[in-house]
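A.B. asks: Following full-length UniProt numbering, the numbering of the sequence shown begins with 1 at its first residue and continues without gaps.
The hints are simulated quantities; they were obtained by calculation from the structure and are not laboratory data. For clarity, every value in this text was computed on a predicted model and none was experimentally measured. Every clue listed holds true.
25 Å max Cα-Cα, derived SDA-like pairs, lysine to any residue:
#1 Lys280 x Lys297
#2 Lys204 x Gln194
#3 Lys204 x His229
#4 Lys280 x Ala182
#5 Lys133 x Glu76
#6 Lys190 x Leu284
#7 Lys280 x Arg237
#8 Lys204 x Tyr259
#9 Lys280 x Glu183
#10 Lys297 x Pro254
#11 Lys298 x Ala207
#12 Lys204 x Glu183
#13 Lys209 x Ser233
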Amino acid sequence: MQSGISASQELQAEFNSLLSSSSSSTFGLIVGIEKESLVPITTLPSNSPSFYGNLASFKNHLQPNVALYLLLKRHEDEPRLAAVTYVPDSAPVRQKMLFASTRLTLVRELGSEHFRETIFANSADELTESGFKKHDAHSKLAAPLTEEEQTLGEVKRAEQEAGSGTGTREIHLSKSFAMPMAEDAIAALKELKQDGGRSVTMLKIDAEKESVELVDESPRPSSITELSHAISSTEPRFTFYRYNHTHNGTEQSPVLFFYTCPVTAGNRSIKKRMLYPLMKRAVLDIADREAGLTLEKKFEVEEPREITEQSVMDDLHPKMTTRTGFNRPKRPGR
Numbered sequence: 001m002q003s004g005i006s007a008s009q010e011l012q013a014e015f016n017s018l019l020s021s022s023s024s025s026t027f028g029l030i031v032g033i034e035k036e037s038l039v040p041i042t043t044l045p046s047n048s049p050s051f052y053g054n055l056a057s058f059k060n061h062l063q064p065n066v067a068l069y070l071l072l073k074r075h076e077d078e079p080r081l082a083a084v085t086y087v088p089d090s091a092p093v094r095q096k097m098l099f100a101s102t103r104l105t106l107v108r109e110l111g112s113e114h115f116r117e118t119i120f121a122n123s124a125d126e127l128t129e130s131g132f133k134k135h136d137a138h139s140k141l142a143a144p145l146t147e148e149e150q151t152l153g154e155v156k157r158a159e160q161e162a163g164s165g166t167g168t169r170e171i172h173l174s175k176s177f178a179m180p181m182a183e184d185a186i187a188a189l190k191e192l193k194q195d196g197g198r199s200v201t202m203l204k205i206d207a208e209k210e211s212v213e214l215v216d217e218s219p220r221p222s223s224i225t226e227l228s229h230a231i232s233s234t235e236p237r238f239t240f241y242r243y244n245h246t247h248n249g250t251e252q253s254p255v256l257f258f259y260t261c262p263v264t265a266g267n268r269s270i271k272k273r274m275l276y277p278l279m280k281r282a283v284l285d286i287a288d289r290e291a292g293l294t295l296e297k298k299f300e301v302e303e304p305r306e307i308t309e310q311s312v313m314d315d316l317h318p319k320m321t322t323r324t325g326f327n328r329p330k331r332p333g334r
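Start from the sequences, fold in the hints, and give me the full structure.
C.D. replies: Written out as structure tokens, the structure reads:
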């Protein structure tokens, strides 16, 4: 399971009724999440012999700020069902993450053999006749993917769509997220520019408070090795580090950025896979606009131990290779 949430007995019973009912009587089932359980909300009656003719049956249930699941009878032969995850842009951040991380659990607990496809929608327009047809056209062009690959693909697309910050202390991402950054976090970023100030500023996301916050500990690593040991090996981190070092006899102090997301049991959830990548660009924008930081290099790794002195130096000061001219090979017999 992705989120620790399971299907309730009520949902199992309603789902079995959906499977056994005829298409002329029942079109689908709306599902929600309550108290750590997947629960049935309402059954959708069939008002038309065609799939598109029945789409109006759930129109009044779609709200611009409430996520839900739609289990719809879409196909004539088995597997007949489509599992739709509806996560509108205006829904609360925690709700978005919860529904995104639980969508695979829903299908698995009810029986993946009953579902031909899973669909992720951010607006009611995507759940109209034209919206479903666009989805079908896209699916024909795309290579077949597993459910996990589809979900991770959505994470990558969300990251690519993440917009820049606004220059204010509230971080805006595309149309989907708004998350404030704590004042002490911004102040700590500014200290990286000051002589004798911080050498490192670490940030984390508090999903409950929906904010980017300063990590309490304030290490003062004097080397990349010490830095890698100071970064959490169990939780994701955004780390800004002023790297004081000497190269070719010259003292340098570039500011580096490290995004780490350890692969531990607590971080395998889609929720964290989505939230940190989505916030990364906005955090970088705040560091630039509000703190005035110029980053020399950005590094992205899973485990902090992957950050080594050698890898950082190789990236900061790549070795120059000497190009040699092309020597024409001698002709045979000479």
